[in-house]
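Q: Each chain, written out:
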Amino acid sequence: MYRYDEFDNRLVTERVEQFRRQAERRLAGELTEDQFKPLRLMNGLYLQLHAYMLRINVPYGALSAQQMRQLAHVARTYDKGYGHFTTRQNIQYNWIQLKDVPDALADLAEVEMHGIQSSGNCIRNTTSDQYAGVAKDELEDPRVYCEIIRQWSTLHPEFSFLPRKFKIAVTGAPNDRAAVKLHDIGLRMHRNEAGEAGFEVIVGGGQGRTPFVGKTIREWLAPENLLSYLEAILRVYNFDGRRDNKYKARIKILVHQVGADEFRRRVDEEWEQIKDSALKLPQEEIERINSYFAPPDYAQLEDNTELLASQRAANGEFDAWVSANVADHKVPGYAIVNISLKSLRLPPGDMTAAQMDAVADLADEYSFGELRVNHRQNLVLADVPQGDLLALWEKLAALDLATPNIGRVSDIIACPGLDYCALANARSIPIAQEINQRYQDMDRVNDIGDVTINISGCMNACGHHHVGHIGILGVDKRGKEFYQFTLGGSSDQNASLGDRTGPGFPGDEAVDAVETILNTYLKIRNEGERFLDTYRRVGMPPFKEALYGAS
Amino acid sequence: MLQMIIANTLADGFVVFLTDDNSWTNDIAAGALAATDEQAEKLLAIAQKAEQSNLVIDPYLIPVELEGDVRKPTEYREYIRATGPTVPIPS
Chain A
18 MYRYDEFDNR LVTERVEQFR RQAERRLAGE LTEDQFKPLR LMNGLYLQLH
68 AYMLRINVPY GALSAQQMRQ LAHVARTYDK GYGHFTTRQN IQYNWIQLKD
118 VPDALADLAE VEMHGIQSSG NCIRNTTSDQ YAGVAKDELE DPRVYCEIIR
168 QWSTLHPEFS FLPRKFKIAV TGAPNDRAAV KLHDIGLRMH RNEAGEAGFE
218 VIVGGGQGRT PFVGKTIREW LAPENLLSYL EAILRVYNFD GRRDNKYKAR
268 IKILVHQVGA DEFRRRVDEE WEQIKDSALK LPQEEIERIN SYFAPPDYAQ
318 LEDNTELLAS QRAANGEFDA WVSANVADHK VPGYAIVNIS LKSLRLPPGD
368 MTAAQMDAVA DLADEYSFGE LRVNHRQNLV LADVPQGDLL ALWEKLAALD
418 LATPNIGRVS DIIACPGLDY CALANARSIP IAQEINQRYQ DMDRVNDIGD
468 VTINISGCMN ACGHHHVGHI GILGVDKRGK EFYQFTLGGS SDQNASLGDR
518 TGPGFPGDEA VDAVETILNT YLKIRNEGER FLDTYRRVGM PPFKEALYGA
568 S
Chain B
23 MLQMIIANTL ADGFVVFLTD DNSWTNDIAA GALAATDEQA EKLLAIAQKA
73 EQSNLVIDPY LIPVELEGDV RKPTEYREYI RATGPTVPIP S
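Listed in order, the protein sequences are those of chains A and B.
Residue numbers in the first sequence follow the numbering used here, run continuously in steps of one, and reach 568 at the last position.
Residue numbers in the second sequence follow the numbering used here, run continuously in steps of one, and reach 113 at the last position.
Simulated from the structure, these hints should not be mistaken for laboratory data.
Model, not experiment: these values are computed from the prediction.
Misleading hints may appear alongside valid ones.
[As the list claims (entries may be wrong)] Below 20 Å or equal to it, Euclidean Cα-Cα: the simulated DMTMM-like pairs (lysine to aspartate or glutamate) are:
no.	chain 1	residue 1	chain 2	residue 2
1	B	Lys71	A	Glu47
2	A	Lys497	B	Glu87
3	A	Lys494	B	Glu100
[What the hints assert, rightly or not] Take a look, some chain A residues computed to stay more than 10 Å from chain B by CB distance:
no.	residue
4	Tyr99
5	Glu279
6	Met476
7	Tyr565
For glycine and all other residues, C-beta sits at the position ideal for the given N, C-alpha and C.
Whenever a hint applies, use it, and build me the whole structure from the sequences.
A: Here's what the structure looks like:
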């Protein structure tokens, strides 16, 4: 993992002390809320429906066991004993008190964590593939470039007051697990004709009330030009992006309005001026950062398929968990373990302090002391010896962290919704929990197979509903919660936005509608087709008829 | 229509209601009820002073109804705000 250097350390500790003084002045009445609000937002502190909410960055989703323990400590000491992992691979605390925030930030700074740029119109946490460095299909480790982007974008003076927030995602693999086409900038590593690794640069993707799949403005960019090209994009956006209307201020609107060709022309014009400047990334610098992400000290193991097969044959629950939650690792004898945060007991992405502590211990015991957070609000232990899977599963099960549902119907992305969020129009968590409750029969769940259900409680789309295979959007209809459905969305390398089915359903009919959609799929699917494949083959008509009757 | 003042306290951020003696309570049952628009405006003026004094943030009036003795905000957003998340707090 990356470790802070003296600059990072100084920056974060100075910021804590600066915020401590700002909070003291606010509490003493020397600052009004209007004066204080932009200062607290610069440090990730929001005021939500019930209380303050503090968002802490998890850079590209990577956490050490020590950091996870400190997150547990903060949850226990300053909050109500739990935290919420988000679709941006970050963590949020829902009940933090302003008077405690400086102390909480000081505790987090001890483990190189902070809330700087987790809010506001600046470059946010760069997100990535949760299988970075261990995926079989990967060309190069994307974390190296995420870290380079983190250093470049942290307190970048020119980009501290952008028209609107700005999100960058990087994948080093052809199978996109980081939703790069749905970001302000998506970077997809691939090889050019000469066989050199570089980036496809995708711009103007995003969700919210005006969703777009991003457009490719450069097929291949050499890594040495990464920062100058990003800077050129940001500079064009900073000059030309709209500031008169918050809902039209994201880069996706600019790219859509001027067109990808014109946007590319403007970026290239700017880039010509700066591509050979100090922003050029020397190979030594890439290698220096790369050394932080050197593989752990793997044991010389063989893929032990016989042992695993006999363990799976002897234990059906373990077998189901391995099928759904364990992924192939590039090193023989190792496996990638997904930890589902979608049990029946807790809201999607929520974790108690006791679970955080226990999972940190498991990371130390089984996975070189590291964890990842993914954008579907689950955790990953990336480097588990296959021979340890059974023991690890038993320990996870005792913690209610072994739900075997990764990629299945109950692995739902849900925003906090109206249970917590001041912007929401409807609740998300109860719908997710009701779907989870209805799909407890694992034979039925496995028969349905891969399907993503994403739920947002308002059109800001924090629950990624536009790109769920089944998307659910909560709306307020004359003072009542209603839920609209979209079908056919996807956030992977073949990204697409879902199509609206028709009128929404009241809250007490929403989960019946999910079941109707899935039953329709089961009836009409061809052999081997996932839900999304069937939808793409047949389109909306059979689903519409099932939901609303023959027209 | 009955109305109450809802706000967040500055120091802890939690939801509070203005009381008859111009203090603030977390308990909706202990908050002041305005039966007329005139009374409601008076409560709002008191609350705005408390905002200027940096005791609370963003006070505003919400409509409530009585179910027996229990005060229930009529809009579900305000109901959730007043009574907390509708899902259990993780423990």
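Q: Would you mind marking each hint as holding or not holding in the structure?
A: Structure-based check of each hint:
no., hint, verdict
1, B:Lys71 <-> A:Glu47, "holds, 16 Å"
2, A:Lys497 <-> B:Glu87, "holds, 17 Å"
3, A:Lys494 <-> B:Glu100, "holds, 16 Å"
4, Tyr99, "violated, 4 Å"
5, Glu279, "holds, 42 Å"
6, Met476, "holds, 15 Å"
7, Tyr565, "holds, 26 Å"
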